[in-house]
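Protein chains in written order, with this note's numbering: chain A, 1 to 278; chain B, 1 to 372.
Rather than coming from a laboratory, the hints here were simulated on the basis of the structure.
Treat the numbers as computed from the prediction; the structure is a model and nothing was measured.
Glycine residues also receive a C-beta, built at the ideal position from the N, C-alpha and C atoms.
Take the hints with a grain of salt, since some may be wrong.
Unchecked claim - Estimated spans, in silico, between C-beta atoms of each pair:
#	chain 1	residue 1	chain 2	residue 2	range
1	A	144	B	80	51 to 61 angstroms
2	B	115	A	163	37 to 47 angstroms
3	B	306	A	163	37 to 47 angstroms
4	A	83	B	98	43 to 53 angstroms
5	B	214	A	269	50 to 60 angstroms
6	A	17	B	236	55 to 65 angstroms
7	B	185	A	141	16 to 26 angstroms
As the list claims (entries may be wrong) - Heads up, incomplete: computed chain A residues facing chain B, CB under 8 angstroms, no partners named:
#	residue
8	94
9	164
10	223
11	227
12	228
13	234
14	235
15	238
16	239
17	252
18	254
19	267
To be verified - Subject to a maximum C-alpha distance of 20 angstroms in a straight line, what follows is the list of computed SDA-like cross-link-like pairs (lysine to any residue):
#	chain 1	residue 1	chain 2	residue 2
20	B	203	A	213
21	B	203	B	217
22	B	2	B	266
23	B	203	A	219
24	B	203	A	240
25	B	203	A	78
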Amino acid sequence: MSTTTTLPGAAQQTPGAGFTERTVQADGFTVRYAESGAGEALVVLHGAGGLRHSRALDLLAQQYRVLAIEMPGFGDQPNETHQTMAELAQSVALVLDAIGLDRFHLLGTSFGGAAAAYLAVARPDRVISLVLEGPAAFREGSTNPAEIPPEQMLGRFRTHPERVPAFLPPDPEFMARTWPLVERLLGSRPDFDKELADQLPGLGVRTLVLFGDRDGIIPAQNGRTWRRLLPNCCFILVHDAAHDIQGDRAEAFVDVVSDWLARGWQFLLPEQDTLINP
Amino acid sequence: MKVEIFTPVNYYGSASAVSDWPLPTRLFESDRGTLSIQRGFEQFEAAFEAGFDSLNLAEHHYSPAQMTPAPHLFAAALGARLPRAQIAILGTDLPLHNPVNIAEQYATLDNLLGGRLRFALLRGTPNEYMTYGTNPWESRAKFEEAVELIIRCFTETEPFGWEGRYFRFRNISLFPSPVQRPHPRITLSGNSPSSARFAGRMKCDLAFSFMHPEACAANVAVYREAAAEAGWEPTADNILYRQFAYVAETDEQAAKDVAELNWPTGSGMFNARNPELMQVIGIAGAAMAGVPKGVVPDMSKAPNPFGPVWVGGPQAVLDQIRQAEQQIGIGRVELIYTGFVNAMSHENVVRSIKLTGEAVIPAVHAGAATVS
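Same shape as in the complex, but just chain B (with noise of 0.2 angstroms):
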C-alpha cells in the first residue's frame, strides 16, 4: 500500500486565528506569507525523505487554510525541487474554471514534472461557489460533463470542438499534451454513490476525504459495479482514503499535542462569521447534493462528513491504516498532518512527519501488522 501526504500550505500567521470565510486580504502579512511557502515546501521535504510516495495538493480560495488557490504553481516549484518525487493535485475545484484550460495546466504541468503527476477532479466545498460566483445546482451535471471533456481534449488527435450542454467549445487541439499519454491517472470523488458510480463509468481512480470507513466501502461496491458495466476492473491501488493524522512518540503525547490547538479543526476552515452568509454556504451544499431550487434544507439530515481521525503513537495510526485498509480495499492512504487553520504548528507536523517515516511507512510499506 501506498502512502501519501496531502499538505494545504497553511497561512502561518495572526490571520490564521480568525475564523471567517472570505477571509479580507488587508488581514495577509508579506514576510508571513513567505514563511508558510518555505514551511511548506519544507513540510513536502521532510515527507519525501521519510519515504513518503506521493506529495499532494488541492485547491481552495480566500482562505489562509491553504496558500493554493492555484496549485499548479506550487506543484511545479516543488517538482523543480524534488526532481524525483511523485505529484499529485487532489484536487481541481473544477466547476470554477474553463475545462479546456484545466487541461492544458494538466499538460503543462505533467511536462515540467516530466510524468510525476497525478491528479483530481472535484466539485470543490460548498463555500467555493460564492468564490466566483457558479451555480451550485448546476454542479452535478456540468461537472460531469467537464470531466468528459478534459478528458476528450487529451484523448483527441485532430482539432475538434465540443456541443455540450454547458460547454461550447469549436476549436480545441491541446499542445502540448501531456507527457503521460494520453494522460496522467485521474481521480474523482467517491464520496457520494453517484459520484462512484460515475468514477466506475469513467474508468478514474476513486478518492474519499475523511468520510467514515464504512461509507467509503458501501460507495467502493458501487465503483466497482459501474466499473464492471464499463468493461474494466479496478484493483486497491485505484482507491485511495484521506484522513487526518498525528504520529507522535507515544498516544498520550499525541493527545496532549492535538489538544493543544484543537487540531484538526484549529480556527474552523470555510464557516462564514456572518451567519446569512452561513445560511447560504449550507444551501450551496445541499444544492451539490441535489436538494432543488427553493427548497430550503434540513440542515440536521446534513450528512456528517468526517470519520475518526487517526491519531496516536506509531502502533496506535498503523493499526487503524490497517483497519481502513480492510474495511474499504484501498491501495493508497493520504494523510494530512496540519489540520485545518491554525491547528498543529509547524515543528510538531515535521516532526511528526519524520517519525511516520522512520516507524510507520516501512511497516505499510511490508505489509506489516506491526511497526518496526
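Pulled out of the complex, with its shape left as it was, chain A reads as follows (with noise of 0.2 angstroms):
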C-alpha cells in the first residue's frame, strides 16, 4: 500500500481537497483510491464517468471514513478481465480485503450502484448499510447515453448545472479508455439484470435507494423494482434534482444518507424537539 498526498494549495472548499489519495494491489490490479475522515468506514462506488469528488463526499467525511474506490478498469491499468458486473464486484471485494477493511457502509452510483449490489450479495455479512444513488441495474424507459444528443446530455445529468463541483463529461481518452467496459458489463445487457432480481428477495442487507425525481438518465420509477424485490429497502425520490444527487442536491443528499447510516429505519422518527417553548 502506498501513500500519496493532495497537491499542495488545495483550495479547501474544491471539492475532495481534504481527500488522501493511496493505492492497493488487489485480484491482479493496482487501484486507486481517495480516503478522507474517520470513523465507520462507507466504501464508495463511483459511476461510469469515474472516479469523481464531490461536496456531498465532503460532508460525509465529516462523519465517515469515507472510501472512494476506483474500480478495476477506471483508472491507468485496462480491464479485459472481467465479462460480468458480478465479476468487478468480487473484484471490488477483494480490493477491501487488502485495504484491511471488515465491516462497512457500502455506497453505489449508477454504474457503481449495480457494482456495489453485486458486491452486497456476494457478501452480505460484510456491509452494516447500502445507499444505492441512481443505481443502473434496472433501467427500464431509460435512453441509451450513446444515442443521446450532446445539447441534452447535461440536464439530464444535473437540474442544476450552476451547482458545485461543474458536472464535467468525461474526457474523450477517458471514454476510449473505459466505455468497452462499461458496455461490456452493463450497457450490452438488458435494462432489467434478471441475473440481479433472483438474488434481491434473498438480500437483507438495507439498502436506501435514492433516485432524483428529474433523472434524465434512468428514470426514477426505476426505485420501485428495488422497492418490491428488497425485503428491507427504502425507496426515496430526491425532488429537485436530476442523475447526479449529489451534485444536484449536496445538502438533502448528506442529510438523509447519513440519518440512513446512523440509523437505518429509525429514520422514520424524527428525533427533532418540536416544542417551541416549555
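Could you use the hints to bring the two separately framed chains together as a complex?
Here you go:
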C-alpha cells in the first residue's frame, strides 16, 4: 500500500481537497482510492464517468471514513478481465480485503450502484448498510446514453448545472479506455437485470435507494423495482435533482444518507424537538 | 361546452351582515348553520336537475362566505344525495395542508364518489396565510413542490419517500388509491403567467377565476406553450372560466335583483375591519405575487382581479358566455350565483339556477348563439 498526499495549495472549497490518495494491489490490479475522515467505513463506488469528488462526499467524510474506490479498468490499468458486473464486484471485494476493511457501509452511484448491489449480494455479512444512488441495474424506460444528443446530456444529469462541482462529461481519452468495459458489464445487458433481480429477495442488508425525480438518465420509477424486490429497502425520491443527486442537492443527499447510515429505519422517526417553548 | 356551478355554501344568518375576517365564532347560530347546509344542498340539487354538468365547491376558512373549510365532507355528502352528479372541489387551499393527507382525502373521496370527481390545487387567498400561520413568501415554491408530491402519491406504486426542499416524508404508500387511475383530473390556476406555465408543464387542467377574459387569453397562450414543451396539447375541455352570474326573466329584473343586496360582493368577503390587519392581508397578497419580504407593496399597483360579471336575462348571459368562450378558448364555464356574503337571497339563487337550466344551458350544450 502506498500513500500520496493531495497537491499542495489545494483550496479547501474544492471538492475532494481533504481526501488522500492511496493505492492497493488486489486481484491482479493496482487500484487507486481516495480516503478521508474517521469512524465507520463508507465505501463509495463511482459511476461510469469514473472516480469523482463532490461536496456531498466531503460532508460525509466529516462523520465517516470515506473510501472512494477507483474500480479496476477506470484508472490507468485496463480491465479486459471481467465479463460481468458480478465479477467486477468480486474484484472490488478483494480490494476491500486488501485495504483491511471488515464491515463497511456501501454507497454506489449509477454504474457503481449495480456493482454495489452485486457486492452486497456476494458479501452480505460485510455490509452494514447499502445506499444506491440512481443505480443502473434496472433501467427500464431509459435512453442509451450514446444516443442522447450532446446538448441534452447536461440537463439529464443535472437540474442545477450551476452548482459545485461543475458537471463535466468524461474526456474522450477516458471514454475510449473505459466505455468498452461499461458496455460489456452494463450497456450491452438488458435494461432489467434478471440475474440480480432473482437474488435480491434474499438480500437482507438494509438498503436505501435514491433517485432524483428529474433523473434523465435512469427514470426514477426504477426505484420501485428495488423496493418491490428487496425485503429491507427504503426508496426515496430526491426532489429537484437529476441523475447526479450529489451534485444537484448535496445537503439533502448528505442529510438523508447520513441519517440512514446512522439510524437505518429509525430515521422514519424524527428526533428533532418540536417543543416551541416550555 | 360544459356549464358548471360553484356554490360556496353561504351562511344565511345575521352574522352574514357583519363584514369582518376572521368572523367571531360567537356569531354562529346553530339553527342557521343547519339551514345554510340545507340550502347549499337545495341549490346543488336545483343545479343538477337544471342540467349543470358539475357541482363544485371550494375551500375557505373563518368566514360566513363558505360553510366549507373542509369541502371534502360536503362533497361526500352531496355525492351520496346525488349519485349521478359530477362533483369538483375547485379547489384545495394547498399551502395550509399536509400534501400527503390531501392526496389521501382525494383518494378516499374518489372512492366515495365512484370516480365522479375532479379537483383543483390552489394557493389560496391572501388572508388564508393568516389562517394557520403560513409563510406567504414561500407560497409559490412550496406550492409547486406540494403539487408534484401529491401527483407522486397517486402515481408511485410502491412505498416511497420524498426528500424535497420544503417537504420531507420517508414512508408514503397511499391506500386507497383513487378509483380513477392514476388520479382524477387535476386543475391548476391560470390567473398568473407563471401559474399557467406550471399547469402546462404539469399536464393539468387550467382554471381562471373572475379575471377579465382578455387577461385570461394571454395566460392560455403561456399554458399552451408550456404544454407543448411538455409534449401534450390541451383541448378547450381542459380550460375553465369562473364568473359571477345571475339570470332573471328580463335584463331589467336581473339588474333590480342584484342591486338589492349589492351583489356580487354583498357585505364583502375577506376584508378585515381592523385596518392594521387589512394591511397585513395586503402584504400577504403581495408576497404571493413575488414581492420580497420587507418591501412595502404599493397597493395601487395591485391588479384588479375581476372581469365584468354576467347579469341579465337568458340571452344577455348566453352572449357573455359565448364571448368568453371565444376570447379565452374555454370548454367549461363555471357560474357562481350566490355572490359573496349576504349578496343574494336563496330564493333568487334557486330561481336563477332553474331559469339557466331552462333557457341557457340547452343553448350552450347545443353550441347555439340564441336561447331556446
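Next item on the list: Would you pick out the hints that fail for this structure and give their numbers low to high?
Entry: Hints 8, 9, 18, 22, 25 not satisfied by this model.
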